[in-house]
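Q: Spelled out from the first residue to the last, the chains are:
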Amino acid sequence: MSDVTEPPAGTDPSSAPAADGELYGLLAEYDTPGELVEAARKVRDAGYTDFDCYSPFPVHGIDPAMGIKRTILPLVIFGGGFAGASGGLLLQWYCNAYSWGWNISGKPTWSIPANIPIAYECAILLAVLTSFFGMWAFNKLPQVWHPLFRVDRFTRVTDDGFFLGIEARDRHFDADKTKALLADAGSIAIEHVYLDPDPEQKRMPKWIMGLIIASTAFALVPFAIAAKARNSKSSEPHIHIFPDMDFQQKFKSDQANDLFADGRANRGEITGTVARGWLEEDEVFYHGLEHADAGDSWTTGFPKQYPDSPAIVPELRGQPFAVDMKLLERGRNRFNIYCTPCHGYDGHGVGMVPTRVRQGGGNFDARNLVEAPSATAPGVAIQMPNGQLFNTISNGFNRMMGYAAQIPAGDRWAIVAYVRALQRAQNASHDDVPVDQQGSIK
Amino acid sequence: MSLTKSLHPDEKYKAGKLGTTMSLTGAALVVVMGVLSLILGGAHGDNFKRFFYAFVVGWSFIVSISIGMMWLVILHHLTRSRWSTVVRRVAEAIAGAFPIIFLSGLGFILPVLFGYKDLYYWAHPDAHNDAMNHVLIHKLGWLSPSMFALRYVIYGGIYSGLAMYFSRKSREQDESGDPKLSATMRRVAGPGMILFSFTTCLFAWDILMSLAPKWYSTIYGVTFWGSGCIAGFATLALIVLWLQRNGRLVHSINEEHYHDIGKWMFSFTFFWAYTAFSQFMLQWYGNMPEETNWYKYRMFGDWQWVSIAILVGYWAFPFVFLMSRWTKRIVPSLVFFAVWQLVFHWLDMYWNAMPSYDWTVVTHAATSINAGPLSGPISQHHVGFTPVDITMWLALVGVLLVGIGRGLKGNLIPVKDPTLGLSLAHEQL
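So the protein sequences, as listed, match chains Z and P. Those letters in the first sequence? Residues 1 to 442, by our numbering. Those letters in the second sequence? Residues 1001 to 1429, by our numbering.
Since the hints were made in silico from the structure, they are not lab data. Just to be clear, a hint being listed does not mean it is correct.
In silico lysine-lysine, DSSO-like type, Cα no more than 30 Å apart, as pairs [stated by the list, open to error]:
1) P:K1005 / Z:K326
2) P:K1296 / P:K1117
3) Z:K69 / P:K1117
4) P:K1014 / P:K1296
5) P:K1296 / Z:K326
6) Z:K69 / P:K1139
7) Z:K179 / Z:K42
8) Z:K107 / P:K1117
9) P:K1014 / P:K1139
10) Z:K42 / P:K1014
11) P:K1005 / P:K1296
Covered stretches of chain Z (in silico footprint by chain P; criterion: 3 or more residues with CB under 8 Å from a CB of chain P, positions within the stretch not fixed) [what the hints assert, rightly or not]:
12) 114-124
13) 257-271
Some chain P residues flagged as far from chain Z (calculated, every beta-carbon gap over 12 Å) [claimed, not checked]:
14) G1107
15) M1281
16) A1425
Every residue, glycine too, gets a C-beta built ideally from N, C-alpha and C.
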């Protein structure tokens, strides 16, 4: 540290290169952050405005000492966050509610609570980007070239040097008076800073420009590929970016495989065996079918008992099948979960999905399960035998998908029982109400 | 400019009779408002049910304030904070109100223990009815009056113990000036923080969440703590200002410290909203009846207006305004928000507890299938502000003042804390 031995103030160690241009200003070094703050205050009080302080770390109290007004960056960041939140909401509204609304179990396409997390993240993202780039912009960064970089001593500003520089363009600037002021404030060294006479030095280094151009061009490559793919046809197979995921070392059903005599990867059940729980011997219970010599027909009643099968819950396994309140409550419970989105709680075929479709101007009604047959109404469901209702729940009908995979057979029968109860209730007359309660609904 | 300062020679840092004045004021408030509440509660004609609900609301209000400041004290030691050294004694005094607060809470714990059935539904005989409350009966081992009272004693012991430990060690340092005591407290602060967090979670589940015993949310305790911290920092700002108005600590605490108190209030305003929304979001989206039920009665009917008021008043408005620097540095503005947030904190506690007040029995086909809080038609659930809600709140604020007043004695600033100089010279960048 040769600097320490230098005479304190007023001297010019002339470390700047000889071939100098115009005077840029004066640079003074101070020993401690506290002295820097004091010096800044004195320089400010003397009326200077074009000066700046340089330190390795943020110094408490330097802003008021220099007379710097508080930055408006927070307001700009708030604006960024606000734009992010509203932009996030707008994006979701456009995608989910306006451009491509999906009807999922009749849920609304636009609902604020569901959109808050995305809006929140967008607000954070834009606020952070604004603060990051805003800070650079307000500080006029990056500066690849600065006259102060020509002073050797100044390199210590990233380590332990505290500097104050006054620019020559300041209206109070006077080489001698300013120097005296800086020295008076307790500087340990003062240097004259000159601009580089070579204008080339002010340019951004070529390699940085090259890097920026190259990375920008590289960033455009994916977009170019996407644009080309959208506007051309090709008979080539598509590019496999992750071949080990696209081609895994396993066989899928219905693929070819040379290992087996029949050339198929699929291995069927061994002849004469049935997987546990898949025997489904009881045709009434599992398929709603009655066997007769004349041919199979839909059963009109209910199964006699639960099969003694591992697919049935233990407490019902092999038990008699009773159509009682317990079964109806179970049926109501399952019906309300699986059937009501389309058929509605009352079975009239106007659940939430048809309701939303109607709101959107469309026309889709589910089957009216409780409609009584008349001159104008077919009353399809009410005339179906129990077995056919059961089969419809299991395997679907028209646009309705089958529910065999989701609802066990016993529960499907419970639903059949509950639908029968619904049909009875929805077509009930006043006389069906118990006598002692008839008065209350007159 | 310097990084450290010494205590101003003219500084008045002895509490003198201030603490006694505060305690006496609090005691007067307790007596007047307590008697008034008993009369109003009796006149309500519901076997004191409204009275006890108001008791739980007001009590949650004061206990959460102490919980918030207990957290600040532990955090201060855990992180070797510097800014908060000058206000730590006041925070210790607020946390030091725990013994008094838990003593006052016996006012509703003892009736529950000795068979009062109308406050907590799980203490009601209906809760044991398998047909009506099949899920609830599995919780009744935990939610039984004797277990509840036992846990109450444990919570009170842990909170009071933590508060007294940090206060005692801190005052010990006032005498000896031993810097090793700071290290000792820092070592205790780590396990102390873990203990404090677990206790607070379980505590919130027991006192407030079990008012709707069929509902549950694991984040509930965190939200309660966040809400309590808002109120805690608001109370801290008000009491520090009150001390300064009485000539204490005028040179030591300045807008730099108020600014930090304001920052904490702001951050917890957002933290509370974040966790409260997290809880709402998952339950709303999950759409399971046993979870959405709690919100159903708060999103529709009378209560939706309270919910909207809390959303706007407790979060949106203070969030936008406390974001700025000046609202936290100008003392009248900070005081405005402190009072504002305290009022809304009470409303938040009210909103957490009171919808459970209207118990109904839902019958179907001549059998009771559902009973207790948060059941039946939404139209039967009313906000129904009554005078006893307010008088009980004020009576319990009196309890808090008695507790805090007890702690405001001797030095109001940890005079020999090694970080005091840094705290006095504290400056925002």
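Q: May I ask you to check that M1281 (chain P) keeps its beta-carbon over 12 Å from the closest beta-carbon of chain Z?
A: M1281 (chain P) is in fact no farther than 12 Å from some Cβ atom of chain Z, at 6 Å.
Q: Would the pair K107 (chain Z) and K1117 (chain P) pass a check requiring their Cα atoms to be no farther apart than 30 Å?
A: Not satisfied, since the Cα-Cα distance of roughly 41 Å exceeds 30 Å.
Q: Quick check for students: does the CB of A1425 (chain P) sit more than 12 Å from each CB in chain Z?
A: With a cut-off of 12 Å, A1425 (chain P) comes too close to chain Z, as the shortest Cβ separation is near 9 Å.
Q: For the pair supplied as a hint, K69 (chain Z) and K1117 (chain P), confirm whether the alpha-carbon distance does not exceed 30 Å.
A: violated (63 Å)
Q: Taking beta carbons only, do three or more residues of the region 257-271 of chain Z come closer than 8 Å to chain P?
A: violated (count 0)
Q: Below or equal to 30 Å on CA atoms is what counts here, so check K69 (chain Z) against K1139 (chain P).
A: This hinted pair is violated, its Cα atoms lying about 61 Å apart.
Q: Please verify whether K1014 (chain P) and K1139 (chain P) have alpha carbons no more than 30 Å apart.
A: Violated: K1014 (chain P) and K1139 (chain P) sit about 51 Å apart, past 30 Å.
Q: Please work out if K1005 (chain P) and K1296 (chain P) have their alpha carbons no farther apart than 30 Å.
A: violated (56 Å)
Q: Given the proposed pairing of K42 (chain Z) with K1014 (chain P), does the C-alpha separation stay at or below 30 Å?
A: violated (39 Å)
Q: Hinted pair, alpha-carbon criterion (30 Å max): K179 (chain Z), K42 (chain Z). Please report holds or violated.
A: holds (13 Å)
Q: For the pair we were handed, K1296 (chain P) and K1117 (chain P), check the Cα-Cα distance against 30 Å.
A: holds (25 Å)
Q: Under the criterion that the straight-line Cα-Cα distance not exceed 30 Å, is the pair K1296 (chain P), K326 (chain Z) satisfied?
A: holds (28 Å)
Of the numbered hints stated above, those contradicted by the structure are hints 1, 3, 4, 6, 8, 9, 10, 11, 13, 15, 16, listed in ascending order.
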